[in-house]
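Under the working numbering, the first residue of the sequence shown carries the number 11, and numbering increases by one thereafter.
To be clear, the hints were calculated from the coordinates, so they are not data collected in a lab.
Where is the CB? At the ideal position from N, CA and C, for every residue including glycine.
You may find that some hints are simply not true.
Taking CB as the label site, the calculated pair distances span [to be verified]:
| id | residue 1 | residue 2 | range |
| --- | --- | --- | --- |
| 1 | K412 | A153 | 57 to 65 Å |
| 2 | Q117 | P384 | 47 to 55 Å |
| 3 | R216 | Y123 | 13 to 21 Å |
| 4 | E327 | P112 | 42 to 50 Å |
| 5 | L374 | D116 | 28 to 36 Å |
| 6 | Q337 | E128 | 50 to 58 Å |
| 7 | D235 | T360 | 28 to 36 Å |
| 8 | L152 | S470 | 49 to 57 Å |
| 9 | T151 | E303 | 23 to 31 Å |
| 10 | E327 | K359 | 27 to 35 Å |
| 11 | R216 | D116 | 40 to 48 Å |
| 12 | Y123 | P302 | 30 to 38 Å |
Lysine-lysine pairs mimicking DSSO-like chemistry, simulated, CA-CA at most 30 Å apart [said to hold, decoys possible]:
| id | residue 1 | residue 2 |
| --- | --- | --- |
| 13 | K412 | K359 |
| 14 | K412 | K322 |
| 15 | K322 | K359 |
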Amino acid sequence: MARKELGGRFQRGARLARTGVRGASGFAGAKARELAGRPGAEDAAHRELAAHLAEVLGEMKGAAMKVGQLLSFVDLDLPPDVKNVYHDALAQLRDAAPAFDPGAIDQVLREEYGAAPETVFETFERTPLAAASIGQVHAATLADGREVVVKVQYPGVAEAVRSDLKNAETFRPIARLLAPNQEIEPLLEELRERVDDELDYQREARYQRAFATRYADHPFIRVPDIVGDLCRARVLVSERIHGARFDEVAASADEDLRQRVGEIVFRYAFGSIGRFRLFNGDPHPGNYLVEPEGSAADGGVRVAFIDYGSVKMFTRERYDSMRAVEQSVARADRDHAITALRDAGFLPKTVRVDEDLVHEWFRLYTRPVVAEQPFTFTPEYAAEVIRSTTDPRSPYSDVLRKLNLPPDYLLLNRIQWGLNSVLGRLGATNDWRAIRDEYVVADASPATPLGELDSAWWQSRDPAVDPPA
């Protein structure tokens, strides 16, 4: 169903509250039916609520839908079979949510361009390719024949997002149902930090161009370039890429393809930070497209990375301090690590904490590169990392409240949630430490055939394009 408007703060809060009440009463009734000898009642109740929840959050858009996207790949405090019901239902919020009213989308385009979309574009498809939390994407062509995608921001979404995020109580009914032991505030704080960036399409266009320039002619990584003269405050136009969705690859690809995609995703994340001090803050599965065999320089698949609404750049000083912390943790020398944390300001000198737990937590977060290699990403590891930060029962809960972790480091760690989940679904296995070292250790040798391709590209590119990290 297409939405015509997003509703006010109290209307939106009431809708989520009704959903929470509906779920709680449904579960109670299903439990009673199970006890009365009607097997399968609980499973049916979960399937019904999951479908309803996806429908409600998808129609509400904004921060409500963004919370649904996060819940679609973070760990939920539910049995594995029930958890999958919600993950599968909420996965559609990443790119297949209900579309917005076509007339309202037309109005946004007219306001931004001063003309109808048919005047600006040679062709414009009214049915969106994808509908997400803040905007939806339409296929179009330009007069010169280029295929493009047009991302249009929903009317009124900026006000709706900011309204949703003012009060965590709005989301507690949903949190109590799906993650009763998980604090909702850290998830909302992440969204608050990102919301203004994601609503600014002109900022997104600048960062997407920055990534596209840096990855131009890369052998297995692709970033779609923007059409700068057509980008506006609420409209972003970029080249169209045809490829398989990550969910399709994770569900049906053979093992070799899954491992290749996993390595490319890892290299993109760590290479962007290590070489450019840039990272894309929204690594959920809907932002990857796998181009077909033959698209990469070696004849294999190439992965395209889309959506640059949440990008951060580290200062040289912050980058160096984080590298020092990571190196000290990797040595498994607790005293050295604690000293590095205090020097970086992460651990205030006047605060007394259990230093063993501090060291354990940092080693948990960096396990893929500090553990014995090769390391396999798993859903269980991804869930463990999330619980360590968000579950108040976690042994690290008190320690984390005393740390002075800067916002950009917190965001980077939360990004790890998405990256761990993506790689966990692929069962990605490799010597990740050696691959990471290619981007941060001088003269490190390529660890894999993809590393050799990447190294050759890096050596051949013009250093004037951008300053290395």
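Right, here's what the structure says about each hint:
| no. | hint | in the structure |
| --- | --- | --- |
| 1 | K412 with A153: 57 to 65 Å | holds (59 Å) |
| 2 | Q117 with P384: 47 to 55 Å | holds (53 Å) |
| 3 | R216 with Y123: 13 to 21 Å | holds (20 Å) |
| 4 | E327 with P112: 42 to 50 Å | holds (49 Å) |
| 5 | L374 with D116: 28 to 36 Å | violated (49 Å) |
| 6 | Q337 with E128: 50 to 58 Å | holds (56 Å) |
| 7 | D235 with T360: 28 to 36 Å | violated (49 Å) |
| 8 | L152 with S470: 49 to 57 Å | violated (31 Å) |
| 9 | T151 with E303: 23 to 31 Å | holds (26 Å) |
| 10 | E327 with K359: 27 to 35 Å | violated (19 Å) |
| 11 | R216 with D116: 40 to 48 Å | violated (26 Å) |
| 12 | Y123 with P302: 30 to 38 Å | holds (34 Å) |
| 13 | K412 with K359 | holds (11 Å) |
| 14 | K412 with K322 | holds (25 Å) |
| 15 | K322 with K359 | holds (28 Å) |
Hint compliance for this structure: hints 5, 7, 8, 10, 11 are not met, and every other hint is.
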